[in-house]
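Peer 1: The listed protein sequences correspond, in order, to chains A and B. Position 45 (the first sequence) corresponds to 45 in my numbering; numbering is contiguous. Position 33 (the second sequence) corresponds to 1033 in my numbering; numbering is contiguous.
Be a bit skeptical, because a hint or two may be false.
[What the hints assert, rightly or not] Straight-line distance between alpha carbons at most 30 Å, and here's what the computed DSBU-like set of lysine-lysine pairs gives:
1) Lys1018(B) x Lys1053(B)
2) Lys97(A) x Lys1071(B)
3) Lys1055(B) x Lys1003(B)
4) Lys17(A) x Lys63(A)
5) Lys1013(B) x Lys1055(B)
6) Lys1057(B) x Lys3(A)
7) Lys97(A) x Lys1055(B)
8) Lys3(A) x Lys1003(B)
9) Lys1071(B) x Lys1013(B)
10) Lys97(A) x Lys1018(B)
11) Lys1057(B) x Lys1018(B)
12) Lys1057(B) x Lys71(A)
13) Lys59(A) x Lys1003(B)
14) Lys1053(B) x Lys97(A)
15) Lys97(A) x Lys1070(B)
16) Lys1018(B) x Lys1003(B)
17) Lys1003(B) x Lys1071(B)
18) Lys1057(B) x Lys97(A)
19) Lys1003(B) x Lys97(A)
20) Lys55(A) x Lys3(A)
21) Lys1003(B) x Lys63(A)
22) Lys55(A) x Lys71(A)
23) Lys1055(B) x Lys1071(B)
24) Lys1003(B) x Lys57(A)
25) Lys1055(B) x Lys3(A)
26) Lys1003(B) x Lys1070(B)
Just so you know, the hints here were simulated from the structure itself, not pulled from any lab data.
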Amino acid sequence: SQKIEQNSEALNIQEGKTATLTCNYTNYSPAYLQWYRQDPGRGPVFLLLIRENEKEKRKERLKVTFDTTLKQSLFHITASQPADSATYLCAGGGYNKLIFGAGTRLAVHP
Amino acid sequence: DVKVTQSSRYLVKRTGEKVFLECVQDMDHENMFWYRQDPGLGLRLIYFSYDVKMKEKGDIPEGYSVSREKKERFSLILESASTNQTSMYLCASSRTNSNQPQHFGDGTRLSIL
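Produce the complete structure using the sequences and hints provided.
Peer 2: The following block contains the structure:
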């Protein structure tokens, strides 16, 4: 079945460092990938979209890559801050719907 | 900003009850979705709708039904609630193009006793 897989272990980093989160997809080829942020008790909030023909996308301190050979997307937060602590979800595009990964929790420590 | 509003943040119901979860969006979006979110499993699609009175099954539709009588409102119905339907339920909406971001409500945490 079509799957989006993210590292289930929490990622702990120091403030100011770059956080890198991984998203792998299997058994299909999404035309695009989306990244969302989810805070405890809240719904996910859209951050970035990258299409399969784009290698890299940037938005402020965020950078996303899409590697169709590795079937992987990397999500980077540079100069991370404690306020970046949240769960980040990757989602692969399909016809009018998304397939979501389980998310990776990021904790940025002062 | 798009607002997706779910009728309840917390809900406690008993096994066998018929449960209604309501969702309203204010941006005239064509698509609406219902997900459940469980630890370690992520968001799983229950049903979605791309137009009024239209619905399509997602990955886990068993035990659920939906209703979309108006464009802005999408209801999820648990026909006969069971304890394994205890979960966080999230509603989302998006424009009709497939790559459009989804806008989520803050969820309903449903407990079935």
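Peer 1: With reference to the structure, classify each hint as holding or not holding.
Peer 2: Each hint tested on the structure:
no.: 1; hint: Lys1018(B) x Lys1053(B); in the structure: holds, 21 Å
no.: 2; hint: Lys97(A) x Lys1071(B); in the structure: holds, 18 Å
no.: 3; hint: Lys1055(B) x Lys1003(B); in the structure: holds, 22 Å
no.: 4; hint: Lys17(A) x Lys63(A); in the structure: holds, 14 Å
no.: 5; hint: Lys1013(B) x Lys1055(B); in the structure: holds, 26 Å
no.: 6; hint: Lys1057(B) x Lys3(A); in the structure: holds, 18 Å
no.: 7; hint: Lys97(A) x Lys1055(B); in the structure: holds, 12 Å
no.: 8; hint: Lys3(A) x Lys1003(B); in the structure: holds, 29 Å
no.: 9; hint: Lys1071(B) x Lys1013(B); in the structure: holds, 28 Å
no.: 10; hint: Lys97(A) x Lys1018(B); in the structure: holds, 27 Å
no.: 11; hint: Lys1057(B) x Lys1018(B); in the structure: holds, 19 Å
no.: 12; hint: Lys1057(B) x Lys71(A); in the structure: holds, 27 Å
no.: 13; hint: Lys59(A) x Lys1003(B); in the structure: holds, 23 Å
no.: 14; hint: Lys1053(B) x Lys97(A); in the structure: holds, 18 Å
no.: 15; hint: Lys97(A) x Lys1070(B); in the structure: holds, 20 Å
no.: 16; hint: Lys1018(B) x Lys1003(B); in the structure: holds, 27 Å
no.: 17; hint: Lys1003(B) x Lys1071(B); in the structure: holds, 14 Å
no.: 18; hint: Lys1057(B) x Lys97(A); in the structure: holds, 11 Å
no.: 19; hint: Lys1003(B) x Lys97(A); in the structure: holds, 19 Å
no.: 20; hint: Lys55(A) x Lys3(A); in the structure: holds, 21 Å
no.: 21; hint: Lys1003(B) x Lys63(A); in the structure: holds, 26 Å
no.: 22; hint: Lys55(A) x Lys71(A); in the structure: holds, 12 Å
no.: 23; hint: Lys1055(B) x Lys1071(B); in the structure: holds, 12 Å
no.: 24; hint: Lys1003(B) x Lys57(A); in the structure: holds, 26 Å
no.: 25; hint: Lys1055(B) x Lys3(A); in the structure: holds, 23 Å
no.: 26; hint: Lys1003(B) x Lys1070(B); in the structure: holds, 16 Å
Of the numbered hints stated above, none is contradicted by the structure.
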